[in-house]
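There are 2 protein chains.
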Amino acid sequence: MGVKVLTILEDILGANAEKARRNQDQLDKHGILTVNVMSSPGAGKTSLLLQTISRLKQKARIGVIEGDVASTIDAENIKKQGVPVIQINIPGGCHLDANMIENALNNLPLGDIDLLLIENVGNLICPAEFALGEHKRVMLLSLPEGDDKPYKYPLMFTEADVVLINKIDLLPYMEFNIPAFHKAVTGLNPKAKILPVSCKTGEGLEDWFSWLLDEMRKMRRGGSVAC
Amino acid sequence: MGVKVLTILEDILGANAEKARRNQDQLDKHGILTVNVMSSPGAGKTSLLLQTISRLKQKARIGVIEGDVASTIDAENIKKQGVPVIQINIPGGCHLDANMIENALNNLPLGDIDLLLIENVGNLICPAEFALGEHKRVMLLSLPEGDDKPYKYPLMFTEADVVLINKIDLLPYMEFNIPAFHKAVTGLNPKAKILPVSCKTGEGLEDWFSWLLDEMRKMRRGGSVAC
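So the sequence lines, in the order shown, correspond to chains A and B.
Numbering-wise (my numbering), the first sequence opens with residue 20 and increments by one.
Numbering-wise (my numbering), the second sequence opens with residue 20 and increments by one.
Since the hints were made in silico from the structure, they are not lab data.
No experiment lies behind these values; they were computed from the predicted model shown.
Don't take every hint at face value.
[Said to hold, decoys possible] Footprint (simulated), chain B over chain A, 3 or more residues, beta carbon under 8 Å: (1) 55-61; (2) 78-91; (3) 143-152; (4) 167-175; (5) 186-193.
Where is the CB? At the ideal position from N, CA and C, for every residue including glycine.
Take the sequences, apply the hints, and build the full model.
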């Protein structure tokens, strides 16, 4: 059984990578900076998206793809902000893939979007294995999850362009060693940008907005900004 | 591709269920109450195990199986408590399965264990799909993850015998609607036992210990306590 499963898995990942490249070509053609936002359940992805839309919607035309196992709670909250949003539900699934994103792109007004934010399924493992066609990968670690997570879930931290430490407002109430966390992340991924933020109080978010605006400028100047 | 993948998945789940039944037969033969502990990353599974070992090790002979994508941090912490522990690492994997548990059982002193605690991989999706041979399923939701999680990750909440709301000491610092959470859980799973606890302060843990001791008594009286 093992070998057969592995072969199927290789087929899936190969087909996914090819489709992700085609998605990225399409996004490049439209000049849409696309960011894949990943985290554990409840780390604050939707709050980050809501803060980002609120702060940047005067500077960029934003679109959103929402991935969830079930429910449309997040998409409904995003929709209230007046930006185009597609909800993808994956009963029995645990991550978005390039095929789902292709379908979503076919249903978004690509000519009217500068920044596409994809909220992946809440899962610190599987989403990191599937390219979607995104230019950048951003992960949130919620402070209460603990500073040892890079050792336990290394792929996610290795693949991220930006690591946001969210819920930093809870720091007085728990043990979280920020220097130790930095060391663990940069040991896996020396180029990762690590930003402590609170999507509740707004602390640190200006650095995140600046990073996004910089990447959008690079995209406008030089085409794709994918690594 | 879809149909082929689904067929393989059915094969995997079928073979897993059969092996899980054999694991449970073996655990029943030895009278070992076996509990599969599941949660998101960093919700407090290891802290719960450490508290449980500390409080119950005079009343029961405890064994532990630790599942992680990478690292042996948790198993090392458990080992310091002087109980037998097996670490399972699954690079590229996202859940434990019955085959891994069979291998671990072959390496544990089953004649000297009354209570086997299995710490699954931190993931609120995939572990719920794979029976291991356990008698009971326990999930932790960490308070900072939010009260809407039953809607987004329904299978885990549907399958749990006990739902622990951990990190209840953080309630003064965030919004979490406990009655709304109860309603969401019991809507999916009317029999679920819901216990607010703090593995940091010890609050509420006596109810958890009592539940475990009750289940162990039932097991001694009447053989298997599996649902």
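Checked hints:
1. Under a criterion of three residues with beta carbons nearer than 8 Å to beta carbons of chain B, the stated coverage of the stretch 55-61 of chain A is upheld, 3 such residues being counted.
2. As drawn, the stretch 78-91 of chain A meets chain B at 4 residues by the rule of a beta-carbon pair under 8 Å; at three or more, the given contact holds.
3. Counting residues of the stretch 143-152 of chain A whose beta carbon lies closer than 8 Å to any beta carbon of chain B gives 4, which meets the minimum of three for the stated coverage.
4. Counting residues of the stretch 167-175 of chain A whose CB lies closer than 8 Å to any CB of chain B gives 7, so the stated coverage by that chain holds, three being the minimum.
5. Here's how the stretch 186-193 of chain A fares: 5 of its residues keep a CB closer than 8 Å to some CB of chain B, so the rule of at least three is met and the hint holds.
Against the hints set out earlier in the document, no violation occurs for any number.
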